[in-house]
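2 protein chains.
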Amino acid sequence: MIDPRVASGLRDLLPAVMIPRERMLQTFRETFSSFGFVPIETPHIERMEVLTGKGAGSDEVLRQIFEVTNKGGTPGELALRFDLTVPLARFVAKHMDEVGVPFKRYAIGSVFRGERPAKGRFREFVQCDFDTIGTDSRLADAETAQIIHAALAAADVPPFTITLNNRKILDGVLETLELSGKSGLVLRSLDKLAKIGRDGVTAELARPAEEGGAGLSPDQAARILDFAEAGRGGPAVLDAAEASLGSNPRAAQGIADLRQVLHFLEAGEVPPGRVAIDLGLARGLDYYTGIVFETTVDGWERFGSIASGGRYDDLASLYTSRRLPGVGASIGLDRLLALLEEAGALKAATSTAPVLFANFPGVDPAIAVRLAARLRKVGIGCEIYPEPIQVGKQMGYGSKHGHKLAVIVGPDEAAAESFNLRSLETRHEDKGLAWSVLEDSVHGALELLDNGRLPS
Amino acid sequence: MIDPRVASGLRDLLPAVMIPRERMLQTFRETFSSFGFVPIETPHIERMEVLTGKGAGSDEVLRQIFEVTNKGGTPGELALRFDLTVPLARFVAKHMDEVGVPFKRYAIGSVFRGERPAKGRFREFVQCDFDTIGTDSRLADAETAQIIHAALAAADVPPFTITLNNRKILDGVLETLELSGKSGLVLRSLDKLAKIGRDGVTAELARPAEEGGAGLSPDQAARILDFAEAGRGGPAVLDAAEASLGSNPRAAQGIADLRQVLHFLEAGEVPPGRVAIDLGLARGLDYYTGIVFETTVDGWERFGSIASGGRYDDLASLYTSRRLPGVGASIGLDRLLALLEEAGALKAATSTAPVLFANFPGVDPAIAVRLAARLRKVGIGCEIYPEPIQVGKQMGYGSKHGHKLAVIVGPDEAAAESFNLRSLETRHEDKGLAWSVLEDSVHGALELLDNGRLPS
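One line per chain: the protein sequences are A and B, in this order. Quick note: the first sequence, position 247, residue 234 per this note's numbering, numbers continuous. Quick note: the second sequence, position 164, residue 151 per this note's numbering, numbers continuous.
If you are wondering where the hints come from, they were derived from the structure by calculation, not from laboratory data. Some hints here could point you the wrong way.
A pair counts as met if it fits within one copy or between any two copies, since identical chains are not told apart.
As the list claims (entries may be wrong) - Straight-line distance between alpha carbons at most 25 angstroms, and here's what the computed BS3-like set of lysine-lysine pairs gives: (1) 106 <-> 81; (2) 364 <-> 81; (3) 380 <-> 81; (4) 334 <-> 81; (5) 106 <-> 58; (6) 380 <-> 182; (7) 58 <-> 182; (8) 387 <-> 418; (9) 418 <-> 380; (10) 380 <-> 179; (11) 41 <-> 58; (12) 418 <-> 179.
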């Protein structure tokens, strides 16, 4: 016998997890589509060179790469993708003449990183990315945040906050402090503010250049941190920032851009309470150049951001000389589902069909097949128990899996062309209903159940 | 610059392909769910031992396996899955206590085979599998064919035929010829009848045992081929087979089982014209033991089967001592889409949203954002052009991508709270419609377009 375990760091997804997951993915697809984003798919396997080109992935990600070799192939040539951004960059470089700009694409798929296995960290996980390529438009910036809002709201995610910043504002702060050359190091430290606190960031910023640090004086660090900490809240923080930084053209541009985005978000009916400004939000990745976003579920900030992204100046510079600016975001499906599960916000059903037809011993199952086909035609999913075992056991199967109603046709009902309709939650049973009212009866009972008014 | 090509035998899927593909996958998911099948997902990466266990895959498939290694990992331990059946077997062996039987699962995902690259053959392709595990029921056999029918019909596949057989009948034929011990060899040859013709199969069956053949006499081969060729058609072929084979218990059981399945298919409203019997249909795979199916699109038989499967006695014997009989099928998404494309049955739109809002130079785009949000609320997808370029160019973008309508709000319309509604196909434009009738106007125009009555 071969041990049926999965490899270390990987996992099977069982129906109780998959059912809400599929529902959520479909919600995301419909939301992306409703804004005119189109799906693309790239292979899970890419040429190694494409994935490891300078700047394609961080050193950490490249250390975690999975190499792929087929029999007779040359080792080192192929690997599994570690995100959907590098494949997007390659895709647009290759197909830009065909797809044209603006190109609004979404992609949903597994990515692979050979991280050290740990609780809640898997070596294969799903990313849901959407990007608008080939435009510098503020409208596209705002739309990205609007879609994060629309997708999460449609997926019934509990109250959440989308936090915005614009990199240009922080760039302006660093310019006024004459620290522009150290921007990468400073922003990466600033990103850790929530995690390691003000003292931790100050210590990191002070680390001397010889040790790979930014070598900031305590005063410089304090001014950056003061600015970041004062810059959290509603649109009013932009006024304050303007007062202190308005003479710096980059910062002024960043502030104006953010105001424009807030204007569009209001027009898009994103509730103001769902949007926050955080002028210290840096997003570590070097390639962001304008707006940046993070999204946390209120009260569950410790789970980190469930939807993040930003604007970049040049997506595909590794693969084409054509400059392709864009803006996009990624929703972390697995993290979001883990959060919802821990918050008790996921329904635990393991059934996709609300109705279970009993397979009554001695009754021709073709009757159930015929009645079930009628219900499916009006959009009601039905499962027929495959074997004519004791009906009580069949009802137990239905209760265990979360079917709501059972339709039972015994020999007497078959002769009378009638059925019994049982609620699997309350065990209430309506008896002797005529086949002619099947659709209406089942529809009515499901409506009552959905409204919480169980027949009893 | 790094060359942005994909690795040999792999491909990018562009929006024109992905949009119908996503629609079809969603149709399949909804169909599987409407019969009570639940989704599961297993990792793309499996332990090598699981994939290469005796009988898990054919020698050919095992030669095509992609090995996976992460930095610091041991070579030879991991590989990419080559189908969804072996992972299903491992899954049920591992999780059977949790999921219970009957277990009706579907799974949709990429599988990988390092085949020699050729036109229309890819090293990564998608399988859509559904199986009912843990029951010997004829109802489950029939339901499998019923779902193939429901899924393909819902996906608007042109007229197709589901061909059925039961392995027990062929087993009975071989028993009467005292050839039971050669069943595997004979069935694999018989499977090639359509491809290599009667003479080809006869020659293959005659090949002597020393050369790995079945060593049949011309008379034995003729009797098998006569039986197979006479056994194609409607339910009447079962009567003929019964007359010639009825005394053989295995064949009689197979014939009775098929009749039961036809009875359930009729109850399930599968049109009789969509179902054919072919008593020579063998399906090469050794593990089928009862019903087998294949599905071809009428007139496109040369594409081969687009949905195939059958009943097996024991799914997971490599991984558990528990006997798990079942029945299932796999829809070949990529083959089906290639066929539909060649048959001209795929719409070529590259847009997911029917409405394009112009971004009129000099008009606040927030107006479009607000009106588009209203349309999305009533279920109409909208895209806003991200930049205020010349409106004619924006219309060109909409025409190219297959948007149906454009909403245009210029400075005059903005002042009058009105809009112009242009058909991007006919260029007909209704002018000066009030914002208050936006939803109704757009909805009405889309309905006219869908019904082919274009405003002109």
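Comparing the hints with the structure gives:
1. 106 <-> 81: between (38 angstroms within a copy, 20 angstroms between copies)
2. 364 <-> 81: neither (44 angstroms within a copy, 36 angstroms between copies)
3. 380 <-> 81: For residue 380 and residue 81, the Cα distance is within 25 angstroms only across copies (24 angstroms; inside one copy 58 angstroms).
4. 334 <-> 81: between (43 angstroms within a copy, 24 angstroms between copies)
5. 106 <-> 58: between (34 angstroms within a copy, 21 angstroms between copies)
6. 380 <-> 182: Neither way: residue 380 and residue 182 sit 52 angstroms apart in one copy and 48 angstroms across, limit 25 angstroms.
7. 58 <-> 182: Neither: 46 angstroms inside a chain and 29 angstroms across chains, both beyond 25 angstroms.
8. 387 <-> 418: So residue 387 and residue 418 pass the 25 angstroms test inside one copy only (23 angstroms; across, 58 angstroms).
9. 418 <-> 380: within (19 angstroms within a copy, 65 angstroms between copies)
10. 380 <-> 179: neither (55 angstroms within a copy, 45 angstroms between copies)
11. 41 <-> 58: between (29 angstroms within a copy, 19 angstroms between copies)
12. 418 <-> 179: Intra 64 angstroms, inter 54 angstroms, cutoff 25 angstroms: neither.
When held up to the earlier numbered hints, the structure conflicts with 2, 6, 7, 10 and 12 and fits the remainder.
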